[in-house]
Amino acid sequence: MSSTEPLRPARTRYAPSPTGRTHLGNLRTALFSWLLARRTGGQFILRIEDTDRNRFVPEAQAELMDSLRWLGITWDEGPDVGGAFAPYVQSQNREAYAAVAEQLVKAGAAYYCNCTPERLEVVRKLQQSRGQPPRYDNHCRDRALEAGPDRVIRLKMPEDGVTAVPDLVRHEVRFENRLIGDPVLLKSDGYPTYHLAVVVDDHRMQISHVLRAEEWLPSTPIHIHLYEALGWTHPVWAHLPLVTDFERRKIKKRDSGQGDEEYAEYVEMARVSTLREKGFLPGAVMNFLAFLGWHPSTTQEIFDPEGLIEAFSLDRLSDSPGVFDVDRLMWFNQQHLKRLSASQLATLALPSLGAAYPDSARLDDKAWLEKLIASVRDELITVTDVSERTRFAFHDPVEMSPEALEHLGTPKAYLALKELRESLPAEDTISPEAAEALFKGLRERLKSNQGLNGKQIMQPIRAALTGVTGGAHLTDIVVLIGADACRRRIDQALHHNI
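In terms of the numbering used here, the sequence shown is residues 2 to 499.
Since the hints were made in silico from the structure, they are not lab data. All C-beta atoms, glycine included, are put in the ideal place defined by N, C-alpha and C. Mixed in with the good hints, there may be bad ones.
[Unchecked claim] In silico BS3-like links for lysine-lysine, alpha-carbon gap of 25 Å or less:
1. K441 <-> K372
2. K279 <-> K188
3. K126 <-> K157
4. K157 <-> K188
5. K372 <-> K413
[To be verified] Between beta-carbon pairs, the in silico distance windows are:
6. P118 <-> I310: 45 to 51 Å
7. A108 <-> G83: 30 to 36 Å
8. R9 <-> L121: 40 to 46 Å
9. N115 <-> D320: 50 to 56 Å
10. P426 <-> I310: 49 to 55 Å
11. G355 <-> P118: 18 to 24 Å
12. G83 <-> L180: 39 to 45 Å
13. K339 <-> S298: 35 to 41 Å
Working from the sequences, and respecting the hints, build out all of it.
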C-alpha cells in the first residue's frame with residue numbers, strides 16, 4: 002500500500018452545487034471520490050450544497066443525480082436514500098450552521114459585522130488602486146457588535162504568519178495569512194457560506210478524505226483555522242487539477258461559450274446530456290474521465306468500472322490540468338463498443354435504428370439485426386452512428402453519393418457490375434460461404450479475362466450496392482441484403498453507365 006493510500010475504509014463525498022448543467026469536470030471529482038471509497042471498502046456520500054440561493058437552479062439537482070446514475074456512480078448515503086447523518090441537503094440544515102457560528106462568536110473566534118456592500122466596494126477599489134489583493138480589511142473585528150439585522154458573522158483569521166495546507170496532490174502549500182482577511186461564515190439572510198457549511202458537514206458526516214477542484218485550495222487555510230477554532234480534526238485533502246480545453250481554459254457548467262465557436266463546441270460536448278444524446282457509453286465516459294488527472298501503474302488504458310476500482314490509488318493523481326480531448330473520448334468509446342457482444346450492441350442500437358427506419362420489418366429479425374450491427378462494428382464511434390452506417394440495408398434503391406457516382410461512369414465499372422449480376426444465385430438468400438466464393442471467383446475471372454485489378458472491381462460494386470465508397474465488407478453486404486436487392490441495385494447503377 003502506497004504512502005498516500007488510506008489505512009482504513011475511506012468516507013468520501015461528492016458535494017456539488019446545483020447551479021448549472023452537469024459536465025464532465027464535475028463528474029471527474031465524483032468519480033475519483035467514488036473510486037477511493039469503493040477501493041478501500043468505505044462509503045461514498047452525495048451531499049447537495051445549495052446555500053448559494055442567487056445561483057440555485059431547481060432542476061439542476063435532478064439532472065445531476067440522473068447523470069451520476071447513468072455513469073454508474075452510486076452513493077451509500079444521500080438526499081434520496083437517507084443515512085445516519087441526514088439531512089444531505091444543506092438548505093435543510095440552516096439552524097445547525099447558525100448555531101455553530103454563534104458558538105464561535107461566544108468563544109471569541111468570530112464576530113458580527115455590519116459593513117455594507119457599498120463600503121466593501123469602496124475598500125475593494127482602494128486596494129485595487131494600490132495594487133493590493135482584494136480582502137476584507139477586518140473593519141468590524143474589534144467593534145464588539147451585537148447580533149442584529151443585516152449583520153454577518155466573520156471568522157477571525159490570523160493576521161500574520163503562514164498557514165500550511167497539507168495536500169495529497171501538491172504536498173504542502175503555504176499561504177500568507179495577512180493576504181486572506183476575515184471571511185464571512187454566516188450571511189445576513191441566515192444562510193451559511195461555503196466555508197462554514199462544508200466544514201460543519203464534513204465533520205458531522207465523518208468525512209475522512211475530501212477530493213475537490215484545485216480552485217478551492219486558496220480557501221483551505223480558512224477551513225483549517227475553522228477546524229482549529231472548533232476543536233475538530235480536518236480531513237485529508239486532495240485538490241484535483243482543473244479540466245480544460247486545449248487552450249487551458251476551464252470548462253464551466255454555466256458557460257455557453259458564446260462568441261467562440263470552438264470553445265462552445267467543447268462546452269457542449271463536455272455536458273453529460275450531450276454525450277448521452279450522441280450515444281456515448283457510460284463505461285467509456287467513466288474510463289475517459291479516470292484518465293483526466295490519474296494514471297494506472299501499467300500501460301493498460303481500457304478499464305471497466307471494476308477494473309478502475311481495483312487499479313485506483315491516490316498516489317497516481319496528477320497535478321497537471323486534464324485536457325478534455327474529444328477525439329480521445331471518441332477513441333475510448335470505440336474501444337468499449339468493440340468489447341460488446343453483437344447482441345448487446347444490437348440492443349443498444351435498436352432505438353436509433355427504430356427512429357431512423359420506423360417502417361422496416363427487418364428490425365424485428367434479431368439474428369439479421371445482429372449480423373447487420375456486426376458488419377459495421379469497427380466503424381462505429383458512438384451507438385447513434387449505427388443508423389447512418391447501415392443505410393445500405395434499409396434504402397432500396399440506394400441514394401447515390403457524388404463520390405459513389407464517380408466510380409460508376411466507366412467501361413470497367415460496367416464490366417464488373419455486369420459480371421456480378423450474372424454470377425448472383427437465383428435464390429434470394431446468400432450464405433456467408435457462398436458470398437466468399439462468389440467474390441473470389443469474380444475477382445479471378447475479371448482479372449484473367451479483363452485485366453481488372455481489385456479496386457477496379459470492388460469500388461464500383463460497393464458504390465452500386467451501398468451508394469457510398471466505404472463501409473461494411475462486400476461479402477457481409479450481399480448476405481444482408483440478398484441477391485434480389487443486389488440485382489435491383491446493379492440495374493440502378495448500370496443505368497448511370499448508359
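So which of the earlier hints does this model not fit?
-> 2, 5, 9, 11 and 13
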